[in-house]
Amino acid sequence: MYKIVRKRVLNPTVTQMEIAAPLVARKAKPGQFIILRADSEGERIPLTVAGTNPEEGTVKIIFQIVGGTTELLNHKEEGGYIEDFVGPLGKPTHTDGIKKVCIVGGGVGCAIAMPVAQEFHRLGADVTSIIGFRSKDLLILEDEFKECSNTLHVMTDDGSYAHQGNVTVPLKEMLESGKEFDMVITIGPLIMMKFVVAAAKPFNVPVTVSMNPIMIDGTGMCGCCRLTLTEDGQRVTKFACVDGPDFNGYEVDFDEAMSRGRMYFDYERHAHEETCNLFKGVK
Amino acid sequence: MAKANMRLDKNPMPTQDPLVRARNFNEVAMGYSEEAALDEAARCLNCKNMPCVSGCPVNIHIPAFIEKVKEGDFEGAYQVIAKTSSLPAVCGRVCPQETQCEMHCVRGKKGEPVGIGRLERFVADWHNEHNTDTVTKPASNGHRVAIVGSGPSGLTCAGDLAKNGCQVTVYEALHTAGGVLVYGIPEFRLPKSIVAKEVATLKALGVDIETNVIIGRTLTIDELFEMGFEAVFIGSGAGLPNFMNIPGESLKGVYSANEYLTRSNLMKAYLDDPKTPIMKGGRVAVVGGGNVAMDAARTALRLGAEKVYIVYRRSMEELPARREEVEHAEEEGIDFRLLCNPVEILGYHNAENPRDPKNGFVTGIRCVRMELGEPDASGRRRPVPIEGSEFELEVDTVVMSIGTSPNPLIKSTTKGLEVNRRGGIIVNENGLSSREKVYAGGDAVTGAATVISAMGAGKTAAKAILEALSK
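First to last, the sequence lines map onto chains C and E. Each residue of the first sequence is one higher than the one before, counting from 1 in the numbering used here. Each residue of the second sequence is one higher than the one before, counting from 284 in the numbering used here.
Rather than coming from a laboratory, the hints here were simulated on the basis of the structure. Predicted model only: the values in this text are computed from it and were never measured. Note that CB positions come from ideal geometry on N, CA and C, so glycine has one too. Honestly, I wouldn't trust all of these hints.
[To be verified] Restricting the straight-line Cα-Cα distance to at most 30 Å, the calculated cross-link-like pairs of lysine-lysine (DSSO-like) are: (1) C:K201 x C:K29; (2) C:K238 x E:K641; (3) C:K201 x C:K146; (4) C:K29 x C:K76; (5) C:K194 x E:K641; (6) E:K720 x C:K91; (7) E:K551 x C:K76.
[What the hints assert, rightly or not] Going by beta-carbon spacing under 7 Å, a handful of chain E positions derived as facing chain C: (8) H458; (9) L523; (10) P530; (11) S533; (12) K535; (13) N541; (14) K558; (15) Y631; (16) G643; (17) T646; (18) N690; (19) S753.
Generate coordinates for the entire structure from the input sequences, incorporating the hints supplied.
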């Protein structure tokens with residue numbers, strides 16, 4: 001059992017928790033993820049590490065309430081416990097030799113982008129961050145990004161806060177005006193990452209994407225998280241849990257990944273409703 | 284001594300009716316009654332040279348335990364088995380006895396061999412049901428050993444070390460101990476309550492089991508030594524599932540056998556209202572001919588499939604699964620499409636409506652018929668495609684059960700640990716790897732093999748570790 005040391009509501013659908021998991025806290029690096037089970041009958045879900053406090057032995061996670069498990073997790077309170085918490089999994093984000101980086105986060109993906117931006121900031125890189133949300137209500141982590149970015153662009157789809165438009169708008173503007181990056185790192189909805197890759201392509205900027213497919217064990221055993229890359233003209237199968245989660249954005253087959261991500265869509269929606277109804281009953 | 288029972292055939296194993304069991308997850312084989320066990324035990328000739336023992340990877344004193352059964356001393360029989368085996372109730376169910384102990388049985392020369400496996404299972408179940416003695420923790424010898432993985436090799440190694448007084452910690456990556464015994468082998472062949480009982484026995488012996496720790500990530504092998512462990516045994520299992528690299532393998536509805544079985548077994552997706560989803564019902568094709576393929580096919584039936592195919596590229600003669608499993612599968616109505624090889628998995632694609640929710644789901648599998656040519660490196664006749672013989676099977680789910688490749692996680696984080704061309708950890712005859720004090724066994728060394736051979740490797744390593752520690 002793993003204790004919920006702190007809980008903070010970031011917006012109506014996104015929650016942050018700090019979980020006591022000393023071994024994971026000591027090891028986890030930006031870009032890696034954990035797998036948890038909320039209760040003893042629960043499913044295993046992957047969540048990217050949003051920060052660690054090795055001295056205190058805690059790991060920060062940020063999740064959006066989308067299905068049964070995240071709904072259940074959100075009903076747990078500070079001082080409560082979650083059943084299983086294992087990690088760190090996946091390879092850390094590659095930082096060597098990157099002096100000028102552009103971090104592009106979308107929605108709850110900003111939670112994953114944040115520790116990556118912080119790490120580059122700590123390493124002395126020039127950090128440009130672009131964070132995008134559907135609307136003002138869904139904005140998260142603006143202060144945290146301000147602190148670790150040399151330049152920050154905040155975007156909302158509906159223009160209800162900061163600049164109106166999606167994250168590719170400032171990216172394109174910067175690239176067109178001659179701004180150079182050693183690497184663009186993007187984390188968010190698949191469709192957003194696909195467009196970030198498309199926006200960067202004419203400028204030949206390397207793009208790293210952080211994939212978050214459906215997983216079970218997270219150690220390479222099940223193959224559920226597989227995606228297809230095109231490497232040197234060859235289509236190859238990779239496992240996000242052991243080969244990733246970061247991949248070269250130009251090689252990923254996003255359409256396939258989007259299709260696979262919807263495999264249990266109906267099931268998830270049903271499970272979420274069931275869990276919501278369950279809690280309504282309790283109250 | 285009582286006169287031996289010279290009947291030629293084994294006492295049959297009582298099983299659930301095929302049509303009933305094909306729709307439930309209860310155990311297929313129901314086990315011998317006391318009467319059947321006594322009758323079967325009487326068929327053993329108690330040979331002086333014990334040929335059967337030479338066929339057992341963990342050297343169970345088979346004639347000795349069967350003698351105890353003859354006397355009606357079932358607990359005594361259990362004690363004989365427990366001397367060398369840490370998991371009797373498991374082995375009695377999943378060992379391929381026909382190619383091990385029973386293959387060497389003198390009675391098999393004329394008629395059927397003694398049903399050693401069935402007797403072992405009877406004895407283990409009798410013990411689990413009747414025994415009330417609690418296992419006592421042996422006196423400590425002061426040595427600490429870490430085990431990586433709680434599958435059959437790790438549990439066996441842990442058990443043997445603990446019985447000799449070592450303080451053993453087993454690290455398991457998943458949330459439940461048991462490895463392939465809990466994520467891979469289905470409930471209807473090996474009830475999880477039995478695995479849990481064997482694990483509980485080990486805990487009573489003083490074995491500490493730490494779940495949710497991935498060696499190679501959460502901790503490294505080097506850190507285990509820094510923590511004061513004097514030896515490490517790696518029994519981390521097979522690893523990454525293979526795919527065929529044919530078009531359509533990323534469609535929704537295509538699973539690796541590992542994923543399919545893990546969802547159903549470990550995550551309990553077979554329950555009526557599971558927290559972890561799995562595609563149930565419809566038509567299912569399982570590609571491959573091993574025991575895992577049989578498990579996947581029979582799981583599909585029990586999940587409610589209306590039709591289940593096994594697609595295998597060679598003939599029944601080469602099919603590697605245990606005969607008993609194949610027979611059970613056939614009785615339950617699995618349709619074997621032999622000498623067939625998939626060339627493409629077909630999916631739904633509505634060109635008019637990209638938002639059609641059916642888009643990207645499997646609709647069928649295209650196969651080519653095969654014929655057997657000259658023998659290949661494995662000595663089996665090589666299957667060759669027959670030109671123009673392609674055909675399609677209409678299915679909703681495809682399960683790829685064509686083996687695994689070793690997991691690179693430990694190798695990539697452990698300096699000096701050598702692996703072979705296929706990625707298996709290289710060990711000597713004592714299970715010692717290229718790293719001092721690091722031992723390995725089971726599928727991590729051999730690639731996919733049997734539960735009992737993994738147990739044998741765990742046992743060999745435990746013996747070597749005890750010898751090394753006593754120096």
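Going through the hints against the structure:
At most 30 Å may separate the alpha-carbon atoms for a hinted pair to count; K201 (chain C) and K29 (chain C) meet this at roughly 28 Å. Restraint check: the Cα-Cα separation between K238 (chain C) and K641 (chain E) comes to about 25 Å, which is no more than 30 Å; the hinted pair holds. Taken as a hint, the K201 (chain C) and K146 (chain C) pair is honoured in the structure, with Cα atoms around 27 Å apart against an allowance of 30 Å. Distance check on the hinted pair: K29 (chain C) and K76 (chain C) sit about 26 Å apart at the alpha-carbon level, within 30 Å; holds.
With a C-alpha separation of about 22 Å, the suggested pairing of K194 (chain C) with K641 (chain E) holds against the 30 Å cut-off. With a CA separation close to 28 Å, the supplied pair K720 (chain E) and K91 (chain C) stays within the 30 Å bound. Note on K551 (chain E) and K76 (chain C): the hinted pairing holds, with a Cα-Cα distance of about 23 Å set against a maximum of 30 Å. Given hint, H458 (chain E) at the interface with chain C, holds; its Cβ is 4 Å from that chain's nearest Cβ, closer than 7 Å.
Because the smallest distance between the Cβ of L523 (chain E) and any Cβ of chain C comes to about 5 Å, under 7 Å, the interface hint for this residue holds. Interface restraint check: P530 (chain E) against chain C, minimum CB-CB distance 9 Å, threshold 7 Å, status violated. For S533 (chain E), the suggested interface contact is upheld, since its CB lies about 5 Å from the closest CB of chain C, less than 7 Å. Taking 7 Å as the C-beta cut-off, the interface hint given for K535 (chain E) holds, the closest approach to chain C being about 4 Å.
Given the 7 Å rule on beta carbons, the hint for N541 (chain E) holds: about 5 Å separates it from the nearest Cβ of chain C. For K558 (chain E), the interface hint holds, since its Cβ comes within 7 Å of a Cβ in chain C; the closest pair sits about 5 Å apart. Annotation: interface hint on Y631 (chain E) violated; nearest CB of chain C at approximately 11 Å, more than 7 Å. About 4 Å separates the beta-carbon of G643 (chain E) from the nearest beta-carbon of chain C, less than 7 Å, and the hint is met.
A distance limit of 7 Å between C-beta atoms decides the matter here; for T646 (chain E) the minimum to chain C is near 14 Å, and the interface restraint is violated. For the restraint placing N690 (chain E) at the interface with chain C, the shortest Cβ-Cβ distance is roughly 5 Å, inside the 7 Å limit, so the hint holds. With a cut of 7 Å, the hint placing S753 (chain E) at the interface with chain C is violated, because the nearest CB-to-CB distance is about 31 Å.
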